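K.L.:
Those protein sequence lines, which keep their order, are chains G and U.
Numbering-wise (my numbering), the first sequence opens with residue 334 and increments by one.
Numbering-wise (my numbering), the second sequence opens with residue 6 and increments by one.
Hint data in this document are derived by calculation from the structure and do not stem from the laboratory.
Nothing here was measured: the structure is a model prediction, and the numbers come from that model.
Where a beta carbon is used, it is the ideal one built from N, C-alpha and C, also for glycine.
Any given hint could be a false lead.
[What the hints assert, rightly or not] Covered stretches of chain G (in silico footprint by chain U; criterion: 3 or more residues with CB under 8 Å from a CB of chain U, positions within the stretch not fixed): (1) 509-522; (2) 553-567.
[Stated by the list, open to error] Covered stretches of chain G, going by a simulated chain U footprint (3 or more residues, C-beta under 8 Å): (3) 419-433; (4) 457-469; (5) 527-534; (6) 571-584; (7) 599-610.
Here are the chains, one letter per residue:
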Amino acid sequence: MTPVPQRKHLLKSPEVPKDIGSPDEGATVHDTGAPAHDTGAASRGTGAALHDDTATEGGRDDRAVIRDALGVGIAVGLSGFAFGVTAAGAGISVAQACALSLLVFTGASQFALVSALAAGGNPLTAAAGAFFLGARNAFYGLRLSSLLRLPPGTRLAAAHWVIDETSVVALAQRGRHAARLGFTVTGATLFALWNLTTLLGALGAEALGDTDAWGLDAAGPACFLALLAPMLRTGPERATAGLAVLLGLGLLPVLPPGVPVLVAALAAPVVLLVHSRALPGKPGRGYGADGAGGVEGPGGPDGAGGADGTRKANGTEKTEADEEDAR
Amino acid sequence: MSVWIAIGVTAVGCYLVKLLGLSVPAGLLERPLTQRLAALVPVALLAALTAQQTFGADTALVLDARLAGVGAAAVALLLRAPFLVVVGAAVLVTAGARALGG
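With the hints as extra help, turn the sequences into a complete structure.
P.N.:
Below, the structure written as structure tokens:
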């Protein structure tokens, strides 16, 4: 989640990227600071070899993983305070706020649920919105399952911790051992602190009074932006983000709470389809070539629409089918 | 009571969807399309969430002090600030902008 610790960690082992894909791709990934998911995908492909390479300095690597995981876990865990305060401000009892953090344990869904309940939403509609937001965790789990390879019993327990932060930390690691360590340390730290600070925030909310006056309503989007930033490296990633912003904002006034975000997720298959058609016969090359081609500039979504607009329109139906297929 | 119902339904649903992702057969992941889709979907969701929580007020879009706060967070991210500094900057700038009447 936090871009900085990951980048530090990557820079500490400059010899590793040469093992990932072609030399060109490795260099590109390293220069720009690899997005966490790219690193994860790469290490899945060559996981065993990478693990052997780094075995000699395993102790140091473990400490680096733990340091990154603690950094993310502590920083985000403390933001449970913001949730506790928000929940109390929305008229949710302290017990209910704590139950949400213990049992739901996925921040965006929790924020969405209390917001919808505060707005007087039907409890099932509110729950549906929260569920839609939580659905993204299925995609994290999809990527984590092959990386962590957990036995069935452990999987039942680990599933509760499959969230943005644990996934990003785990996917940024090279090798199964480091990924499991990162996942566990991030999850344990975050779970303990998130629940503790939820309690403190809910109890302390009365002392704060108007929570918006303290700017705490900006904590949510800032968290999401910090999660998003390290993922915006390539043209398709930026185009996806831009299209999702347009969909999310454009549909907000017309669809029930939580639904616009789910529709915005369709930006991913749309961009993917456009991108794969733009580069026929090179499905395995990754995103690198596209950025150089300038099809989708750094300006993102709005610019990207020009060249690809017609193909995008043609592709919508098919990508919706892909989306269903992927689930 | 209805709040507890909402909490229960959300908790069960969110847990099951997490477990679903972890339990999908590994063979599905061998498909490059699935891998790239799984990488891009969080980008779309997080971008939409960021935008909605910056500009959304229930079902309306508004410009208020949050924009200044999120802008500060973006600057902090460009300066490679740690996570807490990013969030802290957003909170402080939003509170400051509100105090100034924003």
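K.L.:
So which of those numbered hints doesn't the model satisfy?
P.N.:
As far as the earlier hints go, 1, 5 are violated by this structure, in ascending order.
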